[in-house]
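S.K.: Chains D and Z, in that order, give the protein sequences.
Going by the numbering used here, the first residue of the first sequence is number 2, and it counts up by one from there.
Going by the numbering used here, the first residue of the second sequence is number 9, and it counts up by one from there.
The hints are simulated quantities; they were obtained by calculation from the structure and are not laboratory data.
Cβ coordinates follow ideal geometry from the N, Cα and C atoms, glycine included.
Wrong hints could be hidden among the right ones.
Claimed, not checked - So, partial list: chain Z residues that the calculated Cβ filter (under 10 angstroms) puts toward chain D:
#: 1; residue: Leu117
#: 2; residue: Thr119
#: 3; residue: Phe126
#: 4; residue: Ala135
#: 5; residue: Gly163
#: 6; residue: Trp166
#: 7; residue: Ile167
#: 8; residue: Ile168
#: 9; residue: Val170
#: 10; residue: Leu263
#: 11; residue: Ala301
#: 12; residue: Gln319
#: 13; residue: Ala320
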Amino acid sequence: MIDAASSRSDSRPAASFDLFGFLARYGTLIALLLLIVFNLFFTRNFATLQTLNVNLTQVCTIVIVATGMTLVIATGGIDLSVGSIMAIAGALAPLIFLSPVFGGNVALAVAVGMAAAILAATLCGLFNGWLVAQFRIQPIVATLILFIAGRGIAQAMTNSNLQVFRVPEFQWIGLGRPLGIPVQVIIMVALVIIAAWMLRRTRFGRSILATGGNERAAELAGIAVKRTKLAVYAISGFCAGIAGLVVIAINSASDANLVGLGMELDAIAAVAVGGTLLVGGRATILGTLLGALTIQLVRYTLLANGVPDAAALIVKAAIIAFAVWLQQQRRA
Amino acid sequence: MNRAQYARLVGTYGVLIALAALILFGWWRYDNFLSAFNVTTVVRYNAMFALIALGMCFVIMTGGIDLSVGSTAALGSVAAAMASHYGMAAGIGGGVGAGLLVGFVNGLLVTRANIMPFIATLSTLLAASGAALLLSKQTSVPISPTSGFMLVGHGMLWIIPVPAAIAIIAYLLGAILLNYTSTGRTVLAIGGGEDASRLMGLPVARVTFLVYLASGGLAGMAGVLLAALGFAGQPTEGVGWELFAIAAVVVGGTLLTGGSGSVLTTLAGVLLLGILFNVLNFENGKGWISLSAAWQSVVRGLFLLAVVLLQARLTRQHTRSA
């Protein structure tokens, strides 16, 4: 691969650019494959179904949130409030399905609880979008408001109490395994496929990329920029709501202080490593999936081989910086 | 006076007026609000945030952002606590040095590797946090009880708590730097238009680098105060401080797009958010209402919302009439 690039550079001066271009395009995938090969050789019990399940369940919520985040970032925005929105959804659902209002009808209670939580999360996202689209408030600041207030709302709803529950009908979304596949993995895959299809094949997807590429030009071209922005933030809230439900279902408990804490950074890191431009205009959902998987697998590899979690943080930092630097070379 | 001038005036002095109003309200409503004890407690605690917000203000004026300040402060507090056993100066030097190191890396990533500030400082946020946990072996690190290091947090200079004195000096230097030196003017020029500044021959890379270095150093100093105030280096402290600092800068009227800003109103922004917290505590003490910590962060969020909506309105009027 390196040879191919250097032999070309004899004929064309700008050919070393191709190496960077190649790495920038497929670097995450290559890194992921290298990691898997490394683990197959050096990590004990790596090629087991259990390892796969552990990694997939841990990465699921990040991918779900990062999918919405990718769409937001594709419009040139950012959503810092996802963690707090997860906490709101996670606090609201148990409040409803544990309440005595529904008598003994567990199925109805769970359905209403989940629907209300996801609706609330989507409304939070809409609020973000409203601030960004209507008032032209910078996305960092606009979503900072719910980042600060949102967790407070979740804590206030539950009086900062831990809500513990044992409701199999609800926890199915976190613990169920139809055909041996965890339900949240199915949700994740479905969301990724829908979002990827939407981004590539629909008018809405084109509007997202056009908005991120050049907002003014998109507006002049007749694209409903405001509505597009409203929609992506609402979708991001929706995804965060689902992730919040999955997290509390896995834990059998909802702690408003902890659900989704730091999620915004994990999601943004996955998006950036995956190759989506943070200034907007170019986005890849599959890249985000690969990015999240890579970060997760790096952490797993280090932990499984006895490196402490704190050191794994530093490696994670280096990988994020390096991946983004590599993509920068492609544009330069 | 036309509307644009009016808008600019409110944008600049609005936060000062709001601060004065809040202090008057507290003085009128609560008996001990302006007592020496309450005032020194508030300024002592908020000095850390003031230092971080000062660095953040400069970074934001260049059009960048520094997400790493919170975990840099945590790293600084750990380094300061470990170094405090070699004397007070060593403690301060250790904390500030650790902060400068993070700032140095940020500066390199942003100016040399051309990585977007958001991502560059996001990765150093993680790295600094990891380094703090590694250094401290994941527990709090006690400071030396005999070296006098705790005076950095708890000492008094005449009637001024030492942390507040440090913050005041830092803000004075910052204001002079911004308004009366070519470096300060370059900071604003970079935020106004980086390419244009470069074409004009301004030392864009060097000044940008310096700004991140300074932000790291100030966050390290905040870590020194954190260690001295809490008698220990605290590796898990500082989570979310970066966003508090950004909120303070925004409340202070500095736009996140860069190119304009003021050091003094940033300090007012920090005090406004800090005193708002204090007022809520007093109000709880009155017994009329009982706002838990959860509701206090909701109030803070609403406050930020109000400020941001007001700013959006003012800037729109500003651009419309300009």
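S.K.: Take the hints in turn and mark each one as holding or not.
M.R.: Now for the hints, and whether the structure bears them out:
no. : hint   : in the structure
1   : Leu117 : holds, 6 angstroms
2   : Thr119 : violated, 13 angstroms
3   : Phe126 : holds, 6 angstroms
4   : Ala135 : holds, 4 angstroms
5   : Gly163 : violated, 32 angstroms
6   : Trp166 : violated, 36 angstroms
7   : Ile167 : violated, 33 angstroms
8   : Ile168 : violated, 30 angstroms
9   : Val170 : violated, 29 angstroms
10  : Leu263 : holds, 8 angstroms
11  : Ala301 : holds, 8 angstroms
12  : Gln319 : holds, 8 angstroms
13  : Ala320 : holds, 4 angstroms
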